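Position chain B against the provided structure of chain A, taking the given hints into account.
These are the residues of each chain, in order.
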Amino acid sequence: MLTDSLGPVLIANRGEIARRIIRTVKRMGLRAVAVYSEADADLPFVREADEAVPIGPANPAQSYLDVAKVLEAARVTGAKSVHPGYGFLAENAAFARAVIDAGMVWIGPAPEAIDRMGDKINARNLMEAAGVPVAAGTREPVTDLSLALRAAESIGYPVMVKTAGGGGGIGMSVALDDEGLSKAYEQAARAAARFTGGDALEGPAVLLERYIERARHVEVQILGLPDGRIVALGERDCSVQRRHQKVVEESPSPGITPELRERMLAAAVRAGEAVGYLGAGTVECLVDADKQDFVFLEMNTRLQVEHPVTELVTGLDLVELQLRVAAGESPDVRPEPRGHAIEFRVYAEDPKRFFPGPGKIMEWDEPSFDGVRVDSGYEAGNTVTPFYDPLMAKLCVYGEDRADALEKGRKAVGAFVVVGPKNNLPFCVELLDNAEFVTGDYDTGLVARMRA
Amino acid sequence: MAEVRAEMVANVWKVLVSEGDTVSDGDTLVILESMKMEIPVLTEDDGVVAQLKVAEGDVIQEGDLIAVIE
Chain A
1315 MLTDSLGPVL IANRGEIARR IIRTVKRMGL RAVAVYSEAD ADLPFVREAD
1365 EAVPIGPANP AQSYLDVAKV LEAARVTGAK SVHPGYGFLA ENAAFARAVI
1415 DAGMVWIGPA PEAIDRMGDK INARNLMEAA GVPVAAGTRE PVTDLSLALR
1465 AAESIGYPVM VKTAGGGGGI GMSVALDDEG LSKAYEQAAR AAARFTGGDA
1515 LEGPAVLLER YIERARHVEV QILGLPDGRI VALGERDCSV QRRHQKVVEE
1565 SPSPGITPEL RERMLAAAVR AGEAVGYLGA GTVECLVDAD KQDFVFLEMN
1615 TRLQVEHPVT ELVTGLDLVE LQLRVAAGES PDVRPEPRGH AIEFRVYAED
1665 PKRFFPGPGK IMEWDEPSFD GVRVDSGYEA GNTVTPFYDP LMAKLCVYGE
1715 DRADALEKGR KAVGAFVVVG PKNNLPFCVE LLDNAEFVTG DYDTGLVARM
1765 RA
Chain B
28 MAEVRAEMVA NVWKVLVSEG DTVSDGDTLV ILESMKMEIP VLTEDDGVVA
78 QLKVAEGDVI QEGDLIAVIE
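Protein chains in written order, with my numbering: chain A, 1315 to 1766; chain B, 28 to 97.
Calculated from the structure, these hints are not laboratory results. As the structure is a prediction and not an experimental result, all values here were calculated from the model. We put the CB at the ideal spot given by N, CA and C, even for glycine.
Residues from chain B that face chain A, not an exhaustive set, calculated with beta carbons under 8 Å:
1) Met35
2) Lys63
3) Met64
The calculated DSS-like cross-link candidates involving lysine-lysine, where the alpha carbons are at most 30 Å apart (straight line), are:
4) Lys1674/A to Lys63/B
5) Lys41/B to Lys1674/A
6) Lys1394/A to Lys1383/A
7) Lys1497/A to Lys1666/A
8) Lys41/B to Lys1666/A
9) Lys63/B to Lys1666/A
10) Lys41/B to Lys1383/A
11) Lys80/B to Lys1674/A
12) Lys80/B to Lys63/B
13) Lys1340/A to Lys1383/A
14) Lys1383/A to Lys1674/A
15) Lys1497/A to Lys63/B
16) Lys63/B to Lys1383/A
17) Lys41/B to Lys1497/A
18) Lys80/B to Lys41/B
19) Lys1725/A to Lys1666/A
20) Lys1394/A to Lys1340/A
21) Lys63/B to Lys41/B
22) Lys1725/A to Lys1674/A
Same shape as in the complex, but just chain A (with noise of 0.2 Å):
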């Protein structure tokens, strides 16, 4: 097996992506490296993994964001690839190149992919030449108020102000007038400054779009094999936002046509194909429902935190696939979709106005039946500290249609018991009790409507 260069493994991350990657590396018979912070000493994928390194406190800038105590830790493990999950390292393209420079296999895309796609307003202009539909905005970085309040008056209100670099929804918000926008504009500009380490006063890179009102936000995962083809996995639907921040998501997405479908997967594959994409990897796409229209929202060159809706609805196993694409093989893969996919991010917030609810978990019970998946990072005695973001398990259902897999959701909503850290759970039970999620009938103003 080519995979067997790729041993020891080292998973650069932590929590249930940290676990599930290690149990994939573990049963292809590849050894799994885990390293952890002060602050997860106690969670089980530190357990599970083969070997586990201690690399620094909770900050995360002196532990899981050191490129420096990574590679360590990857020398003293002797290990010969890098697995770096999501967030975090996973979209930083100069530790990418570092792992290469070491001599290790990186389990991701070319460091120049990373780097194209990382800046959103570069992104945005390639996907247009490469004939991928987007929506009117800014080409060129907005870099003062001035620019933003002149890229605005062109584009027409409402706009949604993003930064150029960085991503989950962080420093994203909407403008409806120029007044608004001032604020959009500053609150973008820190973010900016402060998640990617530019200064605000020299004028981090900034981005206008058009704001589409009742949008979908579907995405297409794609995986680039070696031998150049691009091949379309599927869509999620991840419309279920709070803060610009995935809360549900689910594989067909009901909201559509057969023919749209055809239309997102086809551009995903251009996408793809004009960065010559290696790997896992997401477009995400703003989608007009009453339009049946869509236009290039970004592209994602790492793993999805949303990944498993499309194991569930493919039986693939995105994670191997992953090992197998950076050992060098061209799997052949046809993808048949069959049945409905929902995942449910239990987070550890208040389910009313979702603020941070870290803290000691008391009890942890999970549910388990058949067309039940649960991905968690944590146990029964773990504490959920605010150092990290606020994802304690993703609960996946699978069910033969949607109405089958809302059936199974409420069963296992219900049955997950989490007691100590405030959990969005409650939330989740009202989700599946709202008209417009039981429908299928909704757009990523659901959750604000909802709290009204």
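Okay, now just chain B, sitting in the frame of chain A:
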């Protein structure tokens, strides 16, 4: 006199006032960070910052005293 306390476990990301500053209802005293989210802590009173109990980089627990406004 009004006490401003932390609503959750968090890191103190920014401290925007000093002891002796005059503040009014709605002013941001400090910005906390928890789980990658910025949480501004506001005063609901007009007055002077009599005590400021946190510094940037501190980790504070739910219920910890942040400031006293007089």
